[in-house]
Amino acid sequence: MAFDSPLAPPRTSRLRLNLAKPNQEQIVLLITIALLIGFGLTLHGFATLSNLLNLLRSISILGILGLGMGLIVISRGIDLSEVAIMAGSWAIALIEMQKGLPIGWACLIALAIALAIGIVNGIMVAFVEAPALFVTLAAGFVIYGLAFSFAPAWVLYAPKDAPALMYLGGGQLFGIPVPIFVFAGAAIVMHLFLSKTSTGRFIYAQGDNPEAARLSGVALRPLIVLEHVLVALLAWIAGLVWVGTTGSMQMMIIQGTMIYDVVLVVVIGGISLVGGRGSVFSVVVGCVLIGILLNAFTIMDVNNEVQNIIKGIVLLAAIVLDNFLHPRDEETARQGD
Amino acid sequence: MSMAADSWTASVRRFSPRLLLSELLLKQWFEPVIPFTVMIALWLYFALTIPDYATIQNTLSLLRLFAEFGFVALAMGFCLISGGIDLSVGAIFAFCNFSALYFLFVLELPVSLAIPATLAVGAALGSVNGLLIGFLKTRPFLTTLVMLIILRACVNLLNTSYAQVFATNSVDSDAWDFLGVGSVLGIPINAATLFVVLLVCHIFLSRSRYGWHLTAIGASRKAARHAGIRVRLILFFTYVLSGVLCAASGIFYAARQSSTDSTTGVGWEFQALTAVVLGGVSLAGGKGTVWRAMIGALIVFLLINGLVRMGIPGYVTSAVIGIILLAAVGIDVKWAKNRGKAIQKIYVNPAFVALSPAPSVQVGAASPYAQNDRLINAQAIGLNQVEGPEDVILDRQDRLYGSTRDGNIIRFSGPNFEKREVFAHIGGRPLGMQFDRDENLIVAVAGMGVYGVKPDGEVFKVTDETNRTWYKLNDDSRLRMADDLDIGPDGKIYFSDCTTRYEMTTNTLDILEARPNGRMVCYDPKTKTTRTIINHFYFPNGVCVSHDGKSLLIASTSLCKIFRYWLAGPKRGQTEILIDELPGNPDNINRASDGNYWLALVGIRTPTFDLAARKPGFRLRMVKQVPTDEWLAPALNHGCVLKFNEQGEALESWWDPTGISHSTLTSMREHKGYLYLGGLENNRIGRIKLDGADESWCGYDAYWGAKSKVTG
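Chains as they are written, first to last, in our numbering: chain A, 28 to 364; chain B, 401 to 1112.
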């Protein structure tokens, strides 16, 4: 059922079907609502409008990154260099801004760098045929090393007088933080792309069975390059929001566990690692769930390392559950992933 | 083309670097040679640029630093060979380093207990991975990645609580100090242990059943499952083993450093992965040895260590390692995919051959080779009942045997050979045959060697290998295509192995290549040994021991010549040309009743084919660009049988110019006044009456009985 959500039957029958056997998105949605109610009742200061908006704002970067990761996981790939692309490209842009380059040009430089990395990743995966996991893992280290040699600082600050740059991350529209709109906009565009365009459908086809897609005439290699470029593009947008939110870019995040949060968001929401399953809705649901957890941890003042352990265990559980719900076919399983 | 130009082309094509490369690529040991060279080059570079690098003291201290990383790389290597990956190696290492210190300093266990306890911790952590990957069938990459995050967080949490304790305590134990700074025979203890572990692991991986199972799972999980290998269990234990190796590494590190911090083992999984892939352990699984993993680990270790000593910042090192990993992964994938194709493309290397002028076969010419139609009316035996009888032979009871394509020896008996039976099934492609003194039918079987069939039909092996030529890359100990054989008066079996580079199905390529790839081999039944007597022979085909038993006549199909090899007499061991100019490609040679020899020509030379023999480049392009059935070949649709005398003079010829009943004639036997004809592609055995031949002569008597002319 690769085209599960886009090709859904009429709503009534779908509802009946779901009551019999709920899919992962709906399970996660239920858990999310339960957690929301639970934390709202037990945690002081959780169920306030400002905290909830803050929660949404804080997950929007994760969400934008998750949209990119979701796209590539649907195509049965993965991109572990997404956070590195975000931090690396923007670190160089910020250092250029500090050196006096106009902000607009610096942003375009960041975009160009991000897209170039995406193209290189895509070529390595599509044409050299190296496994995406290894390519993007190694790419993360290369990006870190190169970015650090251009911008040798752990934290790079954005110029103080750049309201346009800050607007997407720090601004407010109708009293709601702009990052939420950016996330929502990106999610809608991504949803339309995945469900309404032929390229989007090809991505599902590729994820479901790459060989069948290739034999039916899908130009697989350019498609893979496109997917990696789109991931890089979303990383750039996320970076724009990040810079606006924090006024800086931290190189530490490349080596941190943020990329696993992104994978977590995607896998938890029901985008299976076997590819071809899930949708943008999965990313949103997964993102909200993780956002609630992180927000609650912050309120409860849980140690960062403990947070990592809990997230790790949740991700492990998600992977096991994913494997249980969508078992790999022993006969067609590929090695090394 | 002038003679000078000819010999120039001949010498250029004689030693072909392409041929060398194609045979190098086929060797298993060729792959690790490349990283090994890189390793040596790297060491030399640092030895030249860093002062005091190439000293024994520095080497020993490098070994001490390296050993712990070596263990971790070995763990990673095992997981990769099993088709998975273990990204938690660095974190397990750090956790075990902490555990060892915890057991010693906090629980104050004796060293003899702390070590097994730490190994158990490693095994337990590995078993979590193993349970998830082996039994719950999760993806190794993500599973171990998450384990990495969880364990790393645990180590950081525990470090903050216990760092103070570790810093202030010390253990008063000689054993613990020995683990940290001791040496065995001058080699640091951890490096010595690593070496022993490597040896054990090598034997485990390459010589034990479980090691083979592990490799089989990595090569193809599906096939391993179908073969009944307990995939889940083996995978489980692979990760446990990985955990134990990391724990061993952690113990040595703890003994050496007696401290733990948040950077212990950080990034080791990444370095180990780079190392192992660089060493040539395939990401796809199922390929690799512990030594390859170690070569890669040494490269990465030397590189990182060298860069640090040259003052290169860590982020540059990180980028360098990343680029190396990208390149190694790319090369690994492309190599695995294209190695076979590359070998296929460069394996055939035609050489220059200048054939002697072909004698005329024109009808009515005064030459003994003049074409006639004496075979057209040959009587057909077993029409459509035999599949390509390459050789035919008759026994003393007048029964007719043919060696056929389907691996059988077919026997025809009865007054008109109407009774057909499968005398024996050998398999392979039976070719030349001969009866030994005990009336066993000895058969040269392409693809298998030399086999015998007892009179009751029981098949036995005579030999299937010969001595290996020590300087050849290509292992030529196996008999690839035993073609024809004959038996000397002393019972020695002489047989031709016509190619050491190709097989029965591709022997056309050997003829097109026209290189001396074949050889003559002798099996001595007295000592039961097989020795190559003539190495480097141009496609030896028919073999016949001369009537007097003192020499061997050998037909070279690609050179269109007959050679004589002396078995006895003053010229013993020498080879000389007996017939220089033949009108076609000779096949089997057999004795005739009048003291002469029969020779079959499997193909007739054409001017174009002769020209092609002098144009190796043309033949190479033909093989690469033209489909097989369009290749230039000798004229195969003429059948020809010759008779020649002891001096190598052709006497008479018998032809089937139509090619309908007997094309590609490969064999003929004279028996009691008749000549029996066999052909590689024929659907029958032919028979013609010979005028004036000795009607009591049969092959067995000529070899072993009253008609034998063996002298001395």
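Simulated from the structure, these hints should not be mistaken for laboratory data. Possibly wrong hints are sitting among the right ones.
To be verified - A partial selection of chain A residues facing chain B, derived with a Cβ cut-off under 7 Å:
no., residue
1, E156
2, F168
3, Y171
4, L260
5, V329
6, E332
7, N335
8, G339
9, L342
10, L348
All values derive from a computational prediction rather than experimental measurement. Using N, Cα and C, we set each Cβ at its ideal position, and we do this for glycine too.
Going through the hints against the structure:
no.: 1; hint: E156; verdict: holds (5 Å)
no.: 2; hint: F168; verdict: holds (3 Å)
no.: 3; hint: Y171; verdict: holds (6 Å)
no.: 4; hint: L260; verdict: violated (22 Å)
no.: 5; hint: V329; verdict: violated (12 Å)
no.: 6; hint: E332; verdict: holds (4 Å)
no.: 7; hint: N335; verdict: holds (4 Å)
no.: 8; hint: G339; verdict: holds (4 Å)
no.: 9; hint: L342; verdict: holds (5 Å)
no.: 10; hint: L348; verdict: violated (10 Å)
Consistency with the previously given hints fails for numbers 4, 5 and 10, ordered from lowest to highest.
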